[in-house]
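Input sequences plus hints: build the corresponding full structure.
These protein sequence lines map, in sequence, to chains V and B.
Heads up: the first sequence is residues 104 to 513, going by this note's numbering.
Heads up: the second sequence is residues 104 to 513, going by this note's numbering.
Treat the hints loosely; a few may be bogus.
Pairs involving identical chains hold if they fit within one copy or between any two copies, as the list cannot separate such chains.
Unchecked claim - List time: in silico DSS-like cross-link candidates among lysine-lysine, alpha-carbon distance up to 30 Å:
| hint | residue 1 | residue 2 |
| --- | --- | --- |
| 1 | Lys429 | Lys468 |
| 2 | Lys426 | Lys185 |
| 3 | Lys512 | Lys312 |
| 4 | Lys179 | Lys489 |
| 5 | Lys426 | Lys290 |
| 6 | Lys240 | Lys468 |
Rather than coming from a laboratory, the hints here were simulated on the basis of the structure.
These numbers come from a predicted model, not from an experiment.
Residue strings, one per chain:
Protein chains: 2
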Amino acid sequence: MTMDFRIEKRLTGKLGRAGTLTVPHGVIETPAYVVVGTKGTVKSVDSAQVKEAGAQVVLSNTYHLYLQPGDEAVKKMGGLNKMMNWSGPSMTDSGGFQVFSLGAAYKKGISKVLQVTDPSLLIPERFDDSDAPRLAKIGQDGVSFTSHIDGSVHYITPEKSIQIQHNIGADIIFAFDECTSPNEDLKYQGEALERTHNWARRSLEEHIKLENQKSFSDTSQSIFGIVQGGRDEELRKKSAKFISEVEVEGKKFDGFGIGGSFAKEDMQTAVKWVNEILPEDKPRHLLGIGEPEDLFMGVESGVDLFDCVLPTRLGRNGTLYTKEGKIHITNTEYRLDTKPVEEDCPCYTCTHYSRSYICHLFHGKEMLAGTLSSIHNIHFLVNLVKKIRQSILDENFAEFKESFLNKYKQ
Amino acid sequence: MTMDFRIEKRLTGKLGRAGTLTVPHGVIETPAYVVVGTKGTVKSVDSAQVKEAGAQVVLSNTYHLYLQPGDEAVKKMGGLNKMMNWSGPSMTDSGGFQVFSLGAAYKKGISKVLQVTDPSLLIPERFDDSDAPRLAKIGQDGVSFTSHIDGSVHYITPEKSIQIQHNIGADIIFAFDECTSPNEDLKYQGEALERTHNWARRSLEEHIKLENQKSFSDTSQSIFGIVQGGRDEELRKKSAKFISEVEVEGKKFDGFGIGGSFAKEDMQTAVKWVNEILPEDKPRHLLGIGEPEDLFMGVESGVDLFDCVLPTRLGRNGTLYTKEGKIHITNTEYRLDTKPVEEDCPCYTCTHYSRSYICHLFHGKEMLAGTLSSIHNIHFLVNLVKKIRQSILDENFAEFKESFLNKYKQ
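Structure, rendered in structure tokens:
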């Protein structure tokens, strides 16, 4: 068995659904929030605490683990799960997003979601930024990287990405892709999509080859193809169709990632274009997204999996999620506030510590500050998606969405 | 009940003993290693992990908590135990050692234990360092501090130290004292000791006054007096006698701290001088000490309690205790070493993670590195003192000491 995906209930009149996704390390109840552990550790949180916070599945980054400690080292440690003491389902991305971060987006302040107040800033045009500093160069056959750690040069092809991901050994791996900037013009988006599709086929080929070489005792892995195409409807639909249908030795992708760097306004449209085409019986992962409002949008539009570094990144900076919106726990108003971060929150942080203590820990530059805040944020977002799932099962998604978003200040 | 101390077994022909010390938050089996949580948090380790590592008692620093978040804030949070979610016995030091760190020792590289290779460096002389930068100034009545956080000026008297410690609310508090540098001459040591004795009496007076003001529902606290006297036999003995006997309203100190900044060579002698005089039926705490070799020495010389920042400080720097000595986990030799830090160690870190993973975490600058290393080090030292205790009960202390120290490379 590599993967089993079952839909339990559908959202009437919408693309959304609740299901279960079974992989070698366990069952993921979908929709689900995937917790990010970039270098094989969820930053500042121990794996037992990640589990206690309710996380079902962890995603690590191929690019980072390849450079440090190296994928062969991860393999020697027994693979990602054993290395990081995570007994549940696991994933690795393909490194494609890092190509983007180190290339087109490098030092330009572009990330997964662009909050654009002036839409003219998004008028597609191909900037002449050939002189701009980049740590990655994209060729037809793969990508050359300069390591951000030691300046060493590496070359990643789709085959190499899949080999690395097989060494790392997560339950679900991703095809190698090129994530484009929304600033790129249509011509570039089209060329990049050709590469992504070519790399998708090669990724699938390499994956099947490596799966075929496995012995009976090796754990099978599943592979997701990644749909790209920027903000263009035609390209997005073309990509969804191609990635759904591409076939090697009679085998297709086990599920799908929806990639890209989005303007917030464009995200829902792009996700809908794609999910109306992707086969219903396979899981869909919206890569690198999730703020609360994105989660409702995504689920409604047929997304089964989300992942994001936000819970830990914001947590380390003292920003904590509450049902009323984010709070900055370092503010003076919390210095003597002995309530928990959220009064009715059952997470470890809220049941054992006060706002005033966490405020003190941040002011004292104590590491426990980031740990306790990350635990709460992970619990908040993982649990929010669990509640969204339950609302689908209970047939009150729309009511839950409205009541949540009415209270929650973005 | 404030405190109950019972000796279960004595070390034949030596000052050492195994006992139990009962305080409002629980029982400490002595000898015991007290874990330091300077600002109300054991650095990089959550209180549940501290407990799981076997710690019986935590010590926080009055000076740090007074400045941040403030002792009134700690009180508002329900006191030290509630604030940091530590249900077991607790202590605060008096701030006296920080006077030393910010005063005579400030930026001179002097700490608790001096490893002196050239004994002439210890020839007592009073340096003329009146122009040297100091953040603390010692007067007959108390000490003025400049805060290391914001440069604000504070004045701590013995009364103030005790008031702060009553607000913080630990089970055991300490009298305010002056810790001297071993570089000070005999004249200065004598003057400082007079101050320490004067401050001890005033601390005891203030403590009794505040205890008398408590209502039935308030938790009683115990107070330990601190013996000083540097490396001089006469002063040490004089101090042990004074601190043992000083009495206010018919009440004496509940136990004793042995303070000072020691040359390693002098420590055992000084501890013996003191413990031969201190009353047998009260607990003795060797302040700020513990390396493994010091623990055997201390127990043998009649010490019941030790505390030290070493397990967490070394842990955060990648230095881990093993029965063969300390290892530096960031070294290349551990990069692919999939064994635990210690093969037979039952701590959380060793039962769930490998040397190679911890090495990877340090190289990746991941916070979990410090957490996992600190957990192991806390377990190692706490458990070493537990084993020493057991060897007293089993009447094989000498054999255990020999077998341990033969293997352990300092």
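Comparing the hints with the structure gives:
no.: 1; hint: Lys429 <-> Lys468; verdict: both (21 Å within a copy, 27 Å between copies)
no.: 2; hint: Lys426 <-> Lys185; verdict: between (35 Å within a copy, 26 Å between copies)
no.: 3; hint: Lys512 <-> Lys312; verdict: neither (49 Å within a copy, 51 Å between copies)
no.: 4; hint: Lys179 <-> Lys489; verdict: neither (35 Å within a copy, 36 Å between copies)
no.: 5; hint: Lys426 <-> Lys290; verdict: neither (43 Å within a copy, 65 Å between copies)
no.: 6; hint: Lys240 <-> Lys468; verdict: between (38 Å within a copy, 27 Å between copies)
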